[in-house]
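Q: Here the protein sequences come in this chain order: A and S.
For any residue, its number in my numbering is found by taking its place in the first sequence, counting from 1, and adding 61.
For any residue, its number in my numbering is found by taking its place in the second sequence, counting from 1, and adding 2.
Rather than coming from a laboratory, the hints here were simulated on the basis of the structure.
A quick note: this is a predicted structure, and the numbers were derived from the prediction, not measured.
Incorrect hints may have been included.
[Unchecked claim] Straight-line C-alpha distance at most 20 Å; calculated DMTMM-like pairs for lysine to aspartate or glutamate:
1. Lys562(S) x Glu336(A)
2. Lys582(S) x Glu336(A)
3. Lys190(S) x Asp339(S)
[Stated by the list, open to error] Here's a subset of chain S near chain A, in silico, CB distances under 10 Å, partners left out:
4. Lys554
5. Arg558
6. Lys562
7. Gly574
All C-beta atoms in this analysis are idealised placements derived from N, C-alpha and C, irrespective of residue type, glycine included.
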Amino acid sequence: LQWPYCRKRCSYCNFNTYVVPAVDEAAVRACLVREALTLLRLSQVHSVTSVFFGGGTPSLASPRTIAAVLEAVAGAAHLPASAEVTLEANPSSTDTSRLTGFRGAGVNRLSIGVQSLDDAELRLLGREHTAAEARKAVEAARGLFPGRTSIDLMFGLPGQSRDSWAQGLEAALGLCDDHVSLYQLTLERGTALAAQVRRGTLPLPPQDLLADMYQTARTALVAAGFRHYEVSNFARKGALSNHNLSYWRADQYIGVGPGAHGRFVPQGEGSCSREARVQTPEPVAWMQEVQRQGHGTRSWVVLSLLEQLEELLTLGLRTDEGVTHERWGHFSPQLSLQAVFGVPGEARALQEQGWLLLDSSGLRCTWAGLAVLDSLLPDLLCQLQR
Amino acid sequence: QEKLDMSMYPVESIRNFSIIAHVDHGKSTLADRLLEITGTISKTDRNKQVLDKLQVERERGITVKAQSASLFYNHEGINYLLNLIDTPGHVDFSYEVSRSLSACQGVILVVDANEGIQAQTVANFYLAFEAQLSIIPVINKIDLKNADPERVEKQIEKLFDIPTDECIRISAKQGTNVEKVLEKVIEKIPPPQCNTADPLKALVFDSTFDHYRGVVANVALFGGEIAKGNKIVSAHTKKRYEVSEVGILTPNEQPTHKLYAGQVGYLIAGMKEVTEAQIGDTLFLYKQPVEPLPGFKSAKPMVFAGMYPVDQTEYNNLKSALERLTLNDSSVTVHRDSSLALGAGWRLGFLGLLHMEVFNQRLEQEYNMSVILTAPTVPYKAVLSSAKLIKEYGKDEITIINPAQFPDKFSVSEYLEPTVLGTIVTPHEYIGKIIALCQDRRAVQKDMLYIDENRVMLKYLFPLNEIVLDFYDALKSLSSGYASFDYEDAGYQAADLIKMDILLNGNPVEELSTIIHNDKAYATGKLLCERLKEAIPRQLFEIAIQAAIGKKIIARETLKAYRKNVVAKCYGGDITRRMKLLKRQAESKRLMRKIGNVEVPKDAFIRVLKRETDK
Numbered sequence: 062l063q064w065p066y067c068r069k070r071c072s073y074c075n076f077n078t079y080v081v082p083a084v085d086e087a088a089v090r091a092c093l094v095r096e097a098l099t100l101l102r103l104s105q106v107h108s109v110t111s112v113f114f115g116g117g118t119p120s121l122a123s124p125r126t127i128a129a130v131l132e133a134v135a136g137a138a139h140l141p142a143s144a145e146v147t148l149e150a151n152p153s154s155t156d157t158s159r160l161t162g163f164r165g166a167g168v169n170r171l172s173i174g175v176q177s178l179d180d181a182e183l184r185l186l187g188r189e190h191t192a193a194e195a196r197k198a199v200e201a202a203r204g205l206f207p208g209r210t211s212i213d214l215m216f217g218l219p220g221q222s223r224d225s226w227a228q229g230l231e232a233a234l235g236l237c238d239d240h241v242s243l244y245q246l247t248l249e250r251g252t253a254l255a256a257q258v259r260r261g262t263l264p265l266p267p268q269d270l271l272a273d274m275y276q277t278a279r280t281a282l283v284a285a286g287f288r289h290y291e292v293s294n295f296a297r298k299g300a301l302s303n304h305n306l307s308y309w310r311a312d313q314y315i316g317v318g319p320g321a322h323g324r325f326v327p328q329g330e331g332s333c334s335r336e337a338r339v340q341t342p343e344p345v346a347w348m349q350e351v352q353r354q355g356h357g358t359r360s361w362v363v364l365s366l367l368e369q370l371e372e373l374l375t376l377g378l379r380t381d382e383g384v385t386h387e388r389w390g391h392f393s394p395q396l397s398l399q400a401v402f403g404v405p406g407e408a409r410a411l412q413e414q415g416w417l418l419l420d421s422s423g424l425r426c427t428w429a430g431l432a433v434l435d436s437l438l439p440d441l442l443c444q445l446q447r
Numbered sequence: 003q004e005k006l007d008m009s010m011y012p013v014e015s016i017r018n019f020s021i022i023a024h025v026d027h028g029k030s031t032l033a034d035r036l037l038e039i040t041g042t043i044s045k046t047d048r049n050k051q052v053l054d055k056l057q058v059e060r061e062r063g064i065t066v067k068a069q070s071a072s073l074f075y076n077h078e079g080i081n082y083l084l085n086l087i088d089t090p091g092h093v094d095f096s097y098e099v100s101r102s103l104s105a106c107q108g109v110i111l112v113v114d115a116n117e118g119i120q121a122q123t124v125a126n127f128y129l130a131f132e133a134q135l136s137i138i139p140v141i142n143k144i145d146l147k148n149a150d151p152e153r154v155e156k157q158i159e160k161l162f163d164i165p166t167d168e169c170i171r172i173s174a175k176q177g178t179n180v181e182k183v184l185e186k187v188i189e190k191i192p193p194p195q196c197n198t199a200d201p202l203k204a205l206v207f208d209s210t211f212d213h214y215r216g217v218v219a220n221v222a223l224f225g226g227e228i229a230k231g232n233k234i235v236s237a238h239t240k241k242r243y244e245v246s247e248v249g250i251l252t253p254n255e256q257p258t259h260k261l262y263a264g265q266v267g268y269l270i271a272g273m274k275e276v277t278e279a280q281i282g283d284t285l286f287l288y289k290q291p292v293e294p295l296p297g298f299k300s301a302k303p304m305v306f307a308g309m310y311p312v313d314q315t316e317y318n319n320l321k322s323a324l325e326r327l328t329l330n331d332s333s334v335t336v337h338r339d340s341s342l343a344l345g346a347g348w349r350l351g352f353l354g355l356l357h358m359e360v361f362n363q364r365l366e367q368e369y370n371m372s373v374i375l376t377a378p379t380v381p382y383k384a385v386l387s388s389a390k391l392i393k394e395y396g397k398d399e400i401t402i403i404n405p406a407q408f409p410d411k412f413s414v415s416e417y418l419e420p421t422v423l424g425t426i427v428t429p430h431e432y433i434g435k436i437i438a439l440c441q442d443r444r445a446v447q448k449d450m451l452y453i454d455e456n457r458v459m460l461k462y463l464f465p466l467n468e469i470v471l472d473f474y475d476a477l478k479s480l481s482s483g484y485a486s487f488d489y490e491d492a493g494y495q496a497a498d499l500i501k502m503d504i505l506l507n508g509n510p511v512e513e514l515s516t517i518i519h520n521d522k523a524y525a526t527g528k529l530l531c532e533r534l535k536e537a538i539p540r541q542l543f544e545i546a547i548q549a550a551i552g553k554k555i556i557a558r559e560t561l562k563a564y565r566k567n568v569v570a571k572c573y574g575g576d577i578t579r580r581m582k583l584l585k586r587q588a589e590s591k592r593l594m595r596k597i598g599n600v601e602v603p604k605d606a607f608i609r610v611l612k613r614e615t616d617k
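Please model the complete structure; the sequences and the hints are all you need to start from.
A: Now the structure itself:
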């Protein structure tokens with residue numbers, strides 16, 4: 062579910078989010094509920110395994126809204142108590158009483174956008190909070206969602222040195238729970254930060270430094286007991302994000318809210334084909350569409366078998382498990398993973414060079430290969446297309 | 003349609019003249035005015051560069067193809083036939099200019115009242131002087147604020163030895179004194195010395211291709227007469243034709259019964275290609291051969307460029323566009339060529355850089371084709387010493403157009419490079435910088451003299467290679483536009499040439515081999531390596547980019563391997579975008595050329611080889 066509102070836009074952000082003076086929460090809530098029901102019915106999904114409240118800043122919504130959506134989902138499909146329900150939160154809207162409210166509404170996992178524990182860096186990123194506030198938020202969350210709190214961290218900021226990153230890592234490791242999402246800052250076109258770098262006001266971090274920071278972080282996290290289970294995600298004691306795993310395993314998922322994305326088979330319409338769907342990005346337009354016809358789907362495209370396999374490959378290789386033979390077989394019972402990539406060709410060359418592994422479990426990247434996955438994918442896609 | 007009777011104009015009433023000038027001094031505007039005054043065209047505001055028919059000519063304000071116009075003018079009771087032969091105004095076309103002049107008995111030399119004598123003023127003057135033509139100096143643009151006709155008259159006197167009182171001060175734009183020019187033409191320029199009783203002798207000074215009627219040849223008659231039905235022969239090709247139409251240009255074609263000695267017009271005789279009516283050729287009657295007019299030469303290209311379609315699927319379209327464009331331009335030489343990187347294409351020879359640019363522009367405007375032009379090269383030569391190669395080529399001196407043909411130094415007794423004699427006219431404050439620029443281009447000074455208190459004329463012998471790319475631009479920019487440049491072919495000189503290869507991880511990239519002078523090897527090698535580094539994407543291993551002469555490495559750049567290349571976030575909303583990008587990358591992988599283990603995108607070669615466009 063997308064809650065597309067923020068109090069301000071961070072300097073690096075290019076998400077589908079809006080800063081508005083006032084939000085008609087009741088209206089948005091009603092539309093989220095309505096669309097969720099419509100799409101659940103359309104997909105004919107029996108059981109929901111995870112719910113993720115993203116955005117924007119979902120912690121700005123009231124617990125009442127969260128509760129309403131979850132109730133609606135539970136009414137239209139089976140929502141077991143064991144389902145993972147995650148809420149993304151900003152440290153500036155996560156005091157204990159609020160978090161308690163969310164827990165009461167049904168949230169059982171929290172993802173906090175810490176980004177950095179250095180005040181200067183936070184200012185550079187345009188974040189609303191201080192490092193001290195972030196610490197307090199994480200501690201409060203860990204109290205209410207023990208073992209189920211995740212923090213987001215960023216590296217590769219303009220001007221960041223190896224040392225300052227090392228310090229930041231250490232501080233984060235001391236604070237975090239059992240899940241860390243670690244992102245290299247990407248300078249997206251149209252953001253304030255990108256403009257500053259382009260103008261020369263801020264330095265562009267050198268490629269080698271970024272590579273080093275990533276390696277340092279991976280190594281440190283693994284040493285601290287984390288499993289590096291996806292390019293940017295680390296978990297210990299089994300605290301993986303089930304919801305995100307469903308993206309990378311190309312499971313079915315329904316996107317609700319402005320700009321949300323989905324992948325499912327609209328069995329309710331009699332279809333047996335997996336579709337890629339996007340909801341209308343602009344909140345006002347989206348609400349009108351939901352009010353008119355029950356959902357605000359901007360586009361839906363049937364994915365061909367090739368396209369589904371391409372997605373499965375691209376996403377699956379981001380995880381340490383890679384693409385298993387079973388998962389591949391679910392989409393392509395006729396043409397096995399072995400038949401495509403086990404024959405002489407690009408995959409074999411990449412294996413020989415030490416970037417990939419194809420064995421009895423499936424196809425996955427090596428430790429080194431994961432860091433350069435985007436250099437491997439075009440070759441593999443070529444091979445798959447043939 | 004009534005045909006004109008040209009017998010009304012005896013030789014004494016004919017004046018054949020041309021207008022010569024430096025670029026932008028007002029040649030075409032003066033031509034417009036003359037056409038208006040003589041009633042050849044009606045006087046309206048819209049008469050601008052009437053004789054420049056090509057779009058590219060009108061846009062660039064230059065004349066590319068020579069046109070002629072016959073004007074009728076009554077002066078003191080006598081009807082005169084004044085044949086104006088408009089000439090190309092650029093150094094690249096000096097051969098055309100010289101042929102046009104050989105059809106004239108006099109010229110109007112136009113000089114801008116503010117700019118004064120420029121490099122082409124000088125060059126054109128000498129052409130006219132050597133052809134022993136009467137010269138009428140005209141100082142134009144006197145209406146402009148900075149005009150200083152007195153100063154210019156003094157320059158003319160000093161440089162050309164023409165008394166100041168012979169100059170006519172005009173404003174072609176406003177029409178001031180233009181009538182006086184016409185009168186001077188009649189008074190000072192002698193009529194042609196020829197006789198209608200002689201056998202036919204016609205000079206071809208231009209030709210165009212008309213889809214319906216075939217080749218239309220512009221001719222000047224040096225003797226005899228010509229009419230429909232005559233059988234004529236080309237002195238150069240020895241082919242025979244029957245004349246189907248003759249006429250004059252006013253400036254549009256107007257058929258006449260006949261053309262007589264001393265007159266200028268056109269003829270159509272069943273020729274299918276413009277190469278059958280080459281500029282400078284002589285036409286005579288069948289069974290009545292004459293001594294061909296002197297000065298004919300086959301077009302000699304000075305600058306070569308590779309031309310390739312942007313994509314091989316466009317090959318046939320480009321092929322037919324080239325065929326049609328060269329129908330009307332016999333001075334472009336065309337050879338098929340192919341490059342491993344760019345596919346099948348051509349190596350074209352042009353008379354000069356402007357010729358090449360105009361050609362390219364016409365391709366874009368008239369045929370809607372955009373092409374890849376590789377850096378211009380010049381025709382080097384080698385004097386072979388290897389018996390084997392001499393036998394293979396059938397001669398001991400060969401012209402090398404493609405680097406792949408470069409014979410190594412053990413098979414050669416001497417390498418030769420083409421040279422030109424360049425004339426630069428500049429205000430004296432830029433002399434130092436210009437001398438430094440010329441020295442940088444391996445030029446040798448041949449002459450230097452002051453043409454007036456402020457300006458100097460410099461003559462340098464340049465290797466052609468050093469000026470084909472950007473010499474003119476560099477000259478203009480360091481003289482704030484005030485220096486002018488003109489050049490002429492000056493034969494070949496011995497040169498220390500080498501073939502430079504570009505290597506990727508030790509493997510040579512054939513498409514990027516170049517022939518250059520040893521002195522310039524390092525600088526060029528470094529530039530190519532740098533450009534190539536920018537044009538190749540990083541790969542999973544380090545790439546050494548090197549420039550080499552034989553086995554010796556002279557320059558190097560390193561492209562480091564990717565150590566991290568994976569997008570940070572890939573959740574629901576990112577997936578579609580990601581897939582699009584990756585699929586595009588997979589597509590372009592297919593079009594990549596693999597050199598050793600290095601993947602090189604097709605446009606990398608284009609980026610490295612392309613002429614640097616004007617910045």
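Q: All hints are to be evaluated individually against the structure, with a verdict given for each.
A: How the hints compare with the structure:
1. Lys562(S) x Glu336(A): Measuring from Cα to Cα gives roughly 41 Å; hence the hint is violated.
2. Lys582(S) x Glu336(A): holds, 16 Å
3. Lys190(S) x Asp339(S): violated, 52 Å
4. Lys554: violated, 31 Å
5. Arg558: violated, 20 Å
6. Lys562: holds, 8 Å
7. Gly574: holds, 4 Å
Taken one by one, the earlier hints fail for this structure at numbers 1, 3, 4, 5, listed in ascending order.
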